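Using the hints, put the two standalone chains together into the complex.
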Amino acid sequence: MRRDGKKTPSSNPNFIGVLELDKALLQERLGKNSDVLFREFKLKKSNVSCLLIFLNGLCNRKTIDKDILPVLLEPFDLDDLELLKLTGKIDFIKKYLLPISEIKDTNSIENVTSKILTGDAALLIDGCENALLLGIKEEKTRSIEEPPSESVVRGPRLGFTESLSVNMGILRNSAENKDLIMLELPVGKRAKKSLVISYLNEIVNPRLLEEIKRRINKIDIDYVADSGYVEQLVEDNFLSPFPQVQSTERPDRVMAALMEGRVAILLDGSPFALIAPVTFSMLLQSPDDYYERWIPGTLVRNLRLMAAIISLLGPSLYISFISFHPGLIPTKLAMSIAGSREGVPFPAFIEALMMEISIEILREAGLRLPKPIGQAIGIVGGLIIGEAAVRAGIVSSIMIIVVALTAISSFAIPQYNAGIALRYLRFVSMIFAATLGLYGVTLFFLLLCSHLVRLESFGVPYTSPAVPFRFKDMKDFLIRAPIAMMQRRPSILETKDPKRKK
Amino acid sequence: MFTLKKNKITNVQTVVIITNYILAAGILTLPRTSVEAVKTPDAWISVLLGGVISILLGIIMVKLSQRFPEKTFYQYCPELLGKVFGTLLSCFLIVYFLTIAAFELRVLVEVTSYLLLEETPRWAITIPFLWIGVYLLAGGINSLARMFEIIFPITVFFFLLIIMMSFKIIEPDNLRPFLGAGILPIMKGVKSTIISFIGAEIMLLLVAFMEEPKKAVKLVMLGVAIPTIFALITVVMVIGALSVNGVFHQTWPTLELIRSYEIEGLIFERFESFLLVIWTMQIFSTFCITYFSSALGLNQLLKRESRLVLLVLPAIIYIISSIPKSIFEVFKLGDYIGKISIVFFTVIPLFLLLLAKWKVSSNDQSSSS
Chain G
1 MRRDGKKTPS SNPNFIGVLE LDKALLQERL GKNSDVLFRE FKLKKSNVSC LLIFLNGLCN
61 RKTIDKDILP VLLEPFDLDD LELLKLTGKI DFIKKYLLPI SEIKDTNSIE NVTSKILTGD
121 AALLIDGCEN ALLLGIKEEK TRSIEEPPSE SVVRGPRLGF TESLSVNMGI LRNSAENKDL
181 IMLELPVGKR AKKSLVISYL NEIVNPRLLE EIKRRINKID IDYVADSGYV EQLVEDNFLS
241 PFPQVQSTER PDRVMAALME GRVAILLDGS PFALIAPVTF SMLLQSPDDY YERWIPGTLV
301 RNLRLMAAII SLLGPSLYIS FISFHPGLIP TKLAMSIAGS REGVPFPAFI EALMMEISIE
361 ILREAGLRLP KPIGQAIGIV GGLIIGEAAV RAGIVSSIMI IVVALTAISS FAIPQYNAGI
421 ALRYLRFVSM IFAATLGLYG VTLFFLLLCS HLVRLESFGV PYTSPAVPFR FKDMKDFLIR
481 APIAMMQRRP SILETKDPKR KK
Chain B
503 MFTLKKNKIT NVQTVVIITN YILAAGILTL PRTSVEAVKT PDAWISVLLG GVISILLGII
563 MVKLSQRFPE KTFYQYCPEL LGKVFGTLLS CFLIVYFLTI AAFELRVLVE VTSYLLLEET
623 PRWAITIPFL WIGVYLLAGG INSLARMFEI IFPITVFFFL LIIMMSFKII EPDNLRPFLG
683 AGILPIMKGV KSTIISFIGA EIMLLLVAFM EEPKKAVKLV MLGVAIPTIF ALITVVMVIG
743 ALSVNGVFHQ TWPTLELIRS YEIEGLIFER FESFLLVIWT MQIFSTFCIT YFSSALGLNQ
803 LLKRESRLVL LVLPAIIYII SSIPKSIFEV FKLGDYIGKI SIVFFTVIPL FLLLLAKWKV
863 SSNDQSSSS
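Chains G and B supply the protein sequences, listed in that same order.
Going by this note's numbering, the first sequence opens with residue 1, and the numbers climb by one from there.
Going by this note's numbering, the second sequence opens with residue 503, and the numbers climb by one from there.
Looking at chain B on its own, in the form it has when it is part of the complex (with noise of 0.2 Å):
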């Protein structure tokens, strides 16, 4: 290692981790869900606005941390909290990247054995996928900051070109009538769309490994609303080649989108393997993000750096994952988790914030008097 600062991200690294980390599963069902909170077809207002919100979350993180350069969460935390009550709040941020990760791998799994390996046994799906997220990672955040650098580029092109062909299909009829029931239902929703874009949590981590923190606030801004835009495409096509009634009923709305249209001509007359492709490399990078955030916070709640954490994780998230006996009670897995985190990273941000600003200032006075 001689020309790049070991453990040390560049600014496009940071936007590709937080985006990456935000498209996951959710853009498979957010569809839905935000439709089934909504119920017109302003849907996608309350995504605009989750994103929105999600932004200004980000920012309150950013700020946190930025009052601690080079630390991460889990360093800070104590320093600020105290030794308990710091160790506990790093425990539960540890065991929500861990509910993440398993969550991610559980989706991934029904998904792929509903429409790809439907009699592949799912320990032959997980496996394999652990492994390579413990070798990935074996590489420290430098791998895993190239790795989504590669996986970003591909996405995107691939999604738009999904998405973009199902133009002809869509019936502007169906995202009618605009604000026909009002901004009451919106407002609701945003509850349930927020869900999916809660990701700027781990700017509590990032931030410590950037190479330039100060820029933070904007990249944040950049990584946020750059999977607010695919999400908000997303929306709007299904919702307009489905419509909110059609949206309802189905488990994987998007996967829906790109199965009911057909394009002759081409070599693929069909779409959905291809967004299953890059889908599971969304997966995989969501998944590696959360591993790897779980992992840091226990190397540094131990004080040690070790490999072994590397190891045990992943089978502690296999473990997790296959907890939930159907794919409603994965469903609501996630729902707890989006609950819980909307909680978390709204309050306690905010209040460590104060809390630090609040440290700060008597610390003067007292130095000063």
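Looking at chain G on its own, in the form it has when it is part of the complex (with noise of 0.2 Å):
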């Protein structure tokens, strides 16, 4: 066995007991590495060589400096030397010594390695072929904060962070729930990640489960950076605009969906948790809606489908009654129109596609620098531009009101994915519009719904609970009933216990 080892030290899996060559392998595994610290010290003043190797960056140097180091480097006195014959050298240092909760110990070198790297402290003691693995990790993780993309007027502020665990330990801190599972799965080939999906499991359809499960075991990629990729690799079709998978910052979005028999995917290193399914309905709307009292709630939700027809249609109608059918509209309007655009060089759709197109630059800008100087963009951009544009009678100024509704609308949209989908389609209405004009609008808005209703999350139809059109569902589609009376999940996911309320 030493003799194997010695010959090929690299393709050893196992430590061999001896100090000095198990330095030698793992210093020829983790050697090059600046940030791998190896730290030599005698057990306890006595001749036992001890080695204590962690990665500067992510140990705790306090919990090693003053708990560690300190008890294994005090002198023996009498008791201790009965103890250590007694137990052994490893069971001693664990269970007399060490004031640290978790400890692990294991043989494997590959294990030792990767353990190091992702922040555990590995002790190796001369004569031991087991390494012990201490768990003193220090999360790098900001605090906790309000979500930045989805901030409600009422609700808890708290949001996910990069950590899963923090992330783990806020959902379950939200209520007591013994059913509540967090099940890990690695991802990743080359850099591993954990990923944890949590369900209800009273609740779930195991179905649904396991069609999650096996879609995420499919996933075969060497390196998962955030939730996204997941969410693109776990998706019914890849091809479609829409979001089939619903990305939050808000844990109580989190909580509600697993209470209504949905799942949660959460990554380490991503501060946005999947929800699926989703259907298309849950876009629109915002924990504000429960919050709230039913009657705001059921118009705000309203008012944000209209925001999303407006901010699909709004320039194609335009285009489509300016180019085409003047006559469709009142003879006053159409006057005042006609009088705006006098002088304008461009037919309407040109006018529109130039205004649509510098109000999604101007958003894209605006978006990425930092907050004071995106809103001086802003300003800029949309006052002075447009303004501009109006008085140089390049643009009418009925384009810039119907564009400046559009992109508004657009923002009124709770979910910034779903958000962008309705955009980007506007252009492909606008195409339309400018080919066959209304006849374009209504075969646009035919194939939209075409592809709505052949789409699926999961195997759940995006566009439940409208379609299929189940009456029980109702209560949280277009009107949000009061919530004594939902007393019912929605049945298109079939969970185990149907009932919320007894």
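Hints are computed from structural coordinates only; laboratory data are not their basis.
Treat the hints with caution; some may be incorrect.
As the list claims (entries may be wrong) - With a straight-line Cα cutoff of 16 Å, these simulated EDC-like cross-link-like pairs (lysine to aspartate or glutamate) come out:
1. B:Lys-510 to B:Glu-572
2. G:Lys-332 to B:Glu-572
3. G:Lys-332 to B:Glu-538
4. G:Lys-499 to G:Glu-260
Predicted model, so just to flag it, every value in this text is computed and none were measured.
Below, the structure is given as structure tokens:
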């Protein structure tokens, strides 16, 4: 055994038990890294050499200096010696010395190497074939903040962070529930990351759970950078413009989804949790709808639906009425539009296209800049350019109104990625309008609906609960019924326990 | 697919499919065709009778289909009539559906190019329409049914809104006298109104896809009753507003009704654009269901699932739709379809139903003896 180790040290999967050799083995694997520190010392001022290996940036140095090294270095007293004889070195250190909550021992070099690189410290003792892994990783995380992409007027101000353990903690913290399962599945071939699927065991449909597990296990990629990767790798139709998994930074949203019988996916390093399956109506909802009383909740919901329709069809209706059917709009309005378009050298389509593209550029530019500059860009772009364009006679003032209205409408959609989908589809609808007028817009609507009814998210029709029509589910669609009346979970999910209330 | 049974439609979907299938091109011309046949303001009674008869026919067809669970007409017809006659009848049904699809397409082109797109070439109007149909149908009957569920409420809402707004131009005198010429003209009118209601034949295929085929009778009654009510409202409103003589001279009397009033103070003063939008959607749904039915028939006759059929049929539909040379020939084609369908769907389902019953009873006898 030892001989084999000597011949080809790097192929040996286990530690040998001789500190010098084991150190060489580890150094061969980790020595190139400047942030891996090797600290050699004698156990309790005896002649037993020990080696502590840890990663400089990830381990808690304070714990090493104040808690670990002092107990290992302080001289033996008589009791200790007897205990040492009784239990053996490893057990003695584990059981009597180290004031650390998470200690594992392992024999595998591979395991030790990867653990060191993810923030554990490893302790090797001369004469022992096992190494001790000390869980003293210090999470590099920011503090819990309000989610910037999904703010609410009323509701918890808590948002997920980049740390998986903190995120799981937040979810656990939101309510005591012994049903809440956090199942870990590692993803990534070269750089492993932990991914957790979370669900309520007593509620979730087992077939949905199986499907999600199957798709996650199928992920074969060397590195998963963000939950956005997971989203794109598990979605049903990658050609669709619509998000088929909901991403959210809000723990309350995740909790509510779990309570409906959905499944959440959390990925280490990403503050965005994924919720599946998702339906189109969910993308137009905000937690506010439920926290406020039901009448404002209902009204706001319908307002958002209207905003979605405006942001999708606003410019194309304008184009089709102006260029194709001016006779269909009221005479006075037609006159005033014609008046404002007087001198504009472009057809309505080009005019709309120019303004829509420039407002998209403005939005994109403002997004990446620091906040104060972003606002300045908005003012310069929106107000000054718009005003100047009208004065110069390049575009009509009606066009500015239409463009501004559609842009604002698209921001009224609570889910950013759904807003983007509608914004880009707007250009498609403009092309339809420019070629076939109102008939073209109707065709576009039919095409969009054809796509939506074909789309499914993890086996759930994307257009539910509206289609397929289920009267029970309508309580949480256009109308947000009073909470006392919402007694059942969405029936389309076929949960184990369909009742919310008894 | 884990929650929904694949290729099954719910009860609501069944009703919506029947309704959307029946509500189609006819709604724009029905006031004229009925008045032409009846020649008195009692045309609406013919419409009502037409609806009732259509429901009866629907019930016969449902009863027939319920005898063969999970099987469409194309599958059980050869069983009943033998291979040659069964296939022949199935082929006839396929051609029938194709012709309706072509007819709807042609009417769509006529109306669109008359009112919305005067200079646009016809192929530009039809081809995107056909492609969207192909895309939708590639998703199977579930997509089709869901699509209809989206179109239906939009149609109902806007249709009622638009029609109700024409209340103020209705002259009750135009609807009198009631039964002034007796019952005879009404009975004559039924012949032409029933053409607009032929649609229950879709049940020959739909029952096979239903989750609860036992409820089919109720659903077909509801599915035919809804368009009957719509047609009734339309005919009453149009005759009330334009009078019997006024209706005679209009190619699209329902559109004329909408064009003949203006409401001030709203964003829109005229509403024919709304009507055209929902009507285009209705045509789309009728087109899709007939196209689906013929594609289904071909696939089941050839005994395989082929996407190719979906791509070939639109070309055939397009060719058939461009055969009529003028709008009058289009209407003539519509008339032929209607007349053939009356013969076909009154005589044959009844005959097949009796045949099926007879076969069962003779089988019983032979097995017991």
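Against the structure, the hints:
| no. | hint | in the structure |
| --- | --- | --- |
| 1 | B:Lys-510 to B:Glu-572 | 10 Å, holds |
| 2 | G:Lys-332 to B:Glu-572 | 59 Å, violated |
| 3 | G:Lys-332 to B:Glu-538 | 39 Å, violated |
| 4 | G:Lys-499 to G:Glu-260 | 10 Å, holds |
Violated hints for the displayed structure, listed by number in ascending order: 2, 3.
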